[in-house]
Amino acid sequence: MLKRAVLLGAYVLFVLLPIYWLVNMSLQTNREILGALTLWPENLTFANYIKIFTSSSWYMGYVNSIIYVLMNMAISMSVALPAAYAFSRYQFIGDKHLFFWLLTNMMAPPAVFLLPYFQLYYTIGLFDTHIAVALAHCLFNIPLAVWILEGFMSSVPKEIDETAFIDGYSFPRFFLRVFMPLIRSGIGVTLFFLFMFSWVELLLARTLTSTQAQPIASVMTRTSTASGIDWGTLAAAGVLTIVPGIVVVFFVRRHIAKGFALGRT
Amino acid sequence: MSLTLEGVTRVVANETHLDEVSMILEPGSFNVLLGRTLAGKTSLMRVMAGLDQVTSGRVLMNGEDVTGLGVRQRNVAMVYQQFINYPHQTVYDNIASPLKLAKVPRKEIDVRVREVASLLHIDHLLSRKPLELSGGQQQRTAMARALVKDASLVLFDEPLVNLDYKLREEFREELGALFAARDCIVVYATTEPSEALALGGHTAVLHEGRLMQYGPTADVFRRPNTLTSAEMFSEPPMNVIGGHIHANEVTFGDDMHFALDQGLRGLGEGHFRFGVRPAHLSLSPQANDDLALDVVVDLAEISGSETFLHVHHSRGTMVAHLPGVHTFDVNQKVRLYFPIHRLYAFADDGSTLYIPGAPQRTDDVDGEVH
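Here the protein sequences line up with chains F and C, keeping their order.
Just so you know, we're using this note's numbering here: the first sequence kicks off at 405 and counts up by one.
Just so you know, we're using this note's numbering here: the second sequence kicks off at 165 and counts up by one.
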């Protein structure tokens with residue numbers, strides 16, 4: 405029992421140490437960070453956070469990120485729900501190949517698509533807009549959403565659909581009133597994954613924007629100036645980047661294990 | 165309201181699921197679809213409901229062509245083998261759902277839901293969710309939803325398969341009463357001949373997508389029109405032995421002869437296949453002219469107070485359905501008797517040539533029910 409506690413404690417320490425260090429740094433002055441090693445802030449300061457929340461060039465980074473992430477979640481969901489329903493309920497020529505092809509989109513590194521996206525969006529005037537990033541992130545988020553949702557939908561017996569039609573439900577009404585509540589946890593988990601992948605993606609988000617839709621990760625690079633790196637503000641920005649993830653996980657924590665099983669029990 | 169099928173054929177991916185099925189279901193009738201797995205029972209029901217469309221043929225309701233109409237345009241209800249309810253809604257909402265969608269006034273919905281719920285003895289469970297109920301109660305909920313709608317066609321696709329024996333008996337008894345007062349056509353699919361006999365009404369025997377025979381249940385049971393129909397509607401299956409009729413004598417194999425009785429005399433000479441029901445075989449002679457058959461025991465299956473004796477002889481295998489518990493050793497030699505005046509005769513192509521006359525014992529049909 406004790407041995408287990410020790411091992412577990414060691415593991416938790418190992419995982420949480422970098423995060424603690426980040427929080428520690430965010431509450432210190434640059435002088436202290438660059439000075440002697442301190443395990444906790446000697447001169448506790450919130451100046452780094454105040455700087456982020458008062459400077460529009462900083463907090464707009466978060467706003468931009470949240471905007472394109474939400475846009476991406478909306479687009480991905482509205483495309484993936486019907487697509488996943490079709491894959492789980494109908495047989496059509498090449499359905500299995502199409503499903504596999506969708507998955508292969510997740511295997512390609514975003515860097516491969518960087519140049520064509522940049523060129524294309526620049527040409528049609530989408531460069532430096534939120535929608536550009538949201539659309540680009542569909543590249544990996546739609547296949548992911550289809551994949552997760554298909555699993556959840558396939559675990560709902562087809563007879564429920566038929567019973568609903570026999571009862572007199574129209575298709576849209578059935579989908580909204582009967583089917584979506586049945587795969588509620590699947591939808592929650594899918595939204596979580598969509599959020600996460602879009603939130604942490606940096607390369608596409610940075611390349612497709614300059615000032616108007618600049619994501620927070622891109623703003624963070626500005627801390628490197630001629631007078632050195634502003635470590636404290638960078639750390640505070642880092643902490644604030646983790647917070648939305650924690651909030652989302654809190655809401656879907658009960659469904660998350662089921663989500664990793666992708667509905668395939 | 166009557167339902168007519170005209171040459172209904174359904175082909176899926178080059179496989180024929182239904183082959184030229186034609187039948188007329190009368191208003192207010194209780195119809196059993198009997199057949200083994202893949203016989204086409206479910207396919208036929210889905211076509212009747214409008215869930216699947218026919219490849220060729222016509223479906224008529226009350227003489228009106230509804231062939232191309234989808235399930236929402238037809239007034240049908242269906243109960244599946246699995247317990248299908250809306251898990252996120254209460255039992256009350258489950259039952260009320262078809263009425264709500266039909267925009268029935270709320271007061272009337274309440275009255276009808278409670279009425280049907282009490283008919284099915286689930287009135288105390290109305291506020292629960294289906295998954296909090298036992299299997300039997302879940303199926304009752306599904307049945308209530310089918311009944312409350314007052315559909316003109318109610319389909320049951322093996323609804324009792326996933327329930328235990330006692331519940332099945334209970335349901336079977338209730339079903340007859342539930343539909344006695346209603347004017348709807350009930351179609352009930354089952355794989356078990358005993359269930360068809362217990363339910364009564366009409367029976368349609370299906371085999372490999374074809375309708376073998378359709379008529380009043382007892383009639384279909386007693387007068388199978390083909391060997392296949394006889395085999396389907398008998399559990400354990402009817403025993404079939406090949407034999408010759410030659411000069412007023414029947415010969416099985418080389419060693420078994422007996423004189424033709426009155427009925428078989430009309431067949432003429434030639435090769436025939438003779439069928440005898442497992443329940444008509446016995447260990448002691450029932451009449452003077454019973455034919456003795458020496459057989460070797462393969463297996464004695466004892467189920468409660470009955471014994472199914474699987475044996476083989478020089479011409480093949482047989483099953484005897486014996487009342488009471490009998491123990492036999494494997495390879496034990498036994499002498500079985502069967503009454504020659506209860507032999508069915510079939511032609512080599514399977515069509516029925518001779519049906520034995522009225523049974524002497526009144527419990528003849530019951531002998532098959534267990």
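I should point out that these hints are in silico values taken from the structure, not numbers from a laboratory.
Remember, it's a predicted structure, so these values are computed and weren't measured experimentally.
Be aware that a few hints might be false.
If the Cβ cut is set under 8 Å, some of the chain F residues that face chain C in the computed set are [unchecked claim]:
#1 446
#2 448
#3 559
#4 569
#5 572
#6 576
#7 585
#8 586
Take a look, some chain C residues computed to stay more than 12 Å from chain F by CB distance [unchecked claim]:
#9 250
#10 313
#11 380
#12 404
The list that follows gives simulated cross-link-like pairs (lysine-lysine, DSSO-like), each with its CA atoms no further than 27 Å apart [what the hints assert, rightly or not]:
#13 F:562 to C:271
#14 C:264 to C:293
#15 F:562 to C:293
#16 F:500 to F:562
#17 C:293 to C:330
#18 C:293 to C:271
#19 C:264 to F:562
Think of the CB as a built atom: it goes at the ideal place given N, C-alpha and C, for glycine as much as any other residue.
A quick look at each hint next to the structure:
Against a cut-off of 8 Å between C-beta atoms, the interface hint on residue 446 of chain F is violated, since the closest Cβ of chain C lies about 55 Å away. For residue 448 of chain F, the interface hint is violated, since its Cβ never comes within 8 Å of a Cβ in chain C; the closest pair sits about 50 Å apart. The interface hint given for residue 559 of chain F is broken, as the beta carbon of that residue sits about 12 Å from the closest beta carbon of chain C, more than 8 Å. Interface restraint check for residue 569 of chain F: the shortest CB-CB distance to chain C comes to about 5 Å, inside 8 Å, so the restraint holds.
For residue 572 of chain F, the interface hint holds, since its Cβ comes within 8 Å of a Cβ in chain C; the closest pair sits about 4 Å apart. A cut of 8 Å between beta carbons decides the hint on residue 576 of chain F: the least distance to chain C is about 13 Å, and the hint is violated. Nearest Cβ of chain C to the Cβ of residue 585 of chain F: about 5 Å, under the 8 Å cut. The hint holds. With its C-beta approaching chain C no nearer than about 6 Å, residue 586 of chain F sits inside the 8 Å limit, and its interface hint holds.
A cut-off of 12 Å between C-beta atoms contradicts the statement that residue 250 of chain C is not in contact with chain F; the least separation is 6 Å. The claim that residue 313 of chain C is not at the interface with chain F is violated, since a C-beta of that chain comes within 12 Å of its own (minimum 8 Å). Every C-beta of chain F lies more than 12 Å from that of residue 380 of chain C, the closest at about 29 Å, which supports listing it as non-interface. Distance check on residue 404 of chain C: its Cβ is at least 38 Å (rounded) from any Cβ of chain F, clearing the 12 Å threshold; non-interface status holds.
Using a Cα cut-off of 27 Å, the hinted pair residue 562 of chain F and residue 271 of chain C is violated, with the two alpha carbons roughly 32 Å apart. This hinted pair checks out: residue 264 of chain C and residue 293 of chain C have alpha carbons roughly 18 Å apart, not beyond 27 Å. A threshold of 27 Å between alpha carbons decides the hint, and for residue 562 of chain F with residue 293 of chain C the separation of about 20 Å falls inside it, so the pair holds. Simply put, residue 500 of chain F and residue 562 of chain F have alpha-carbon atoms about 19 Å apart, close enough for the 27 Å limit, and the pair holds.
Between residue 293 of chain C and residue 330 of chain C the CA atoms are separated by roughly 24 Å; this keeps the pair inside 27 Å, and the hint holds. A C-alpha spacing of about 22 Å is found between residue 293 of chain C and residue 271 of chain C, which places the hinted pair at or below 27 Å, so the restraint holds. For the proposed pair residue 264 of chain C and residue 562 of chain F, the alpha carbon gap of about 22 Å is at most 27 Å, so the pair holds.
The earlier numbered hints that this structure contradicts are 1, 2, 3, 6, 9, 10, 13.
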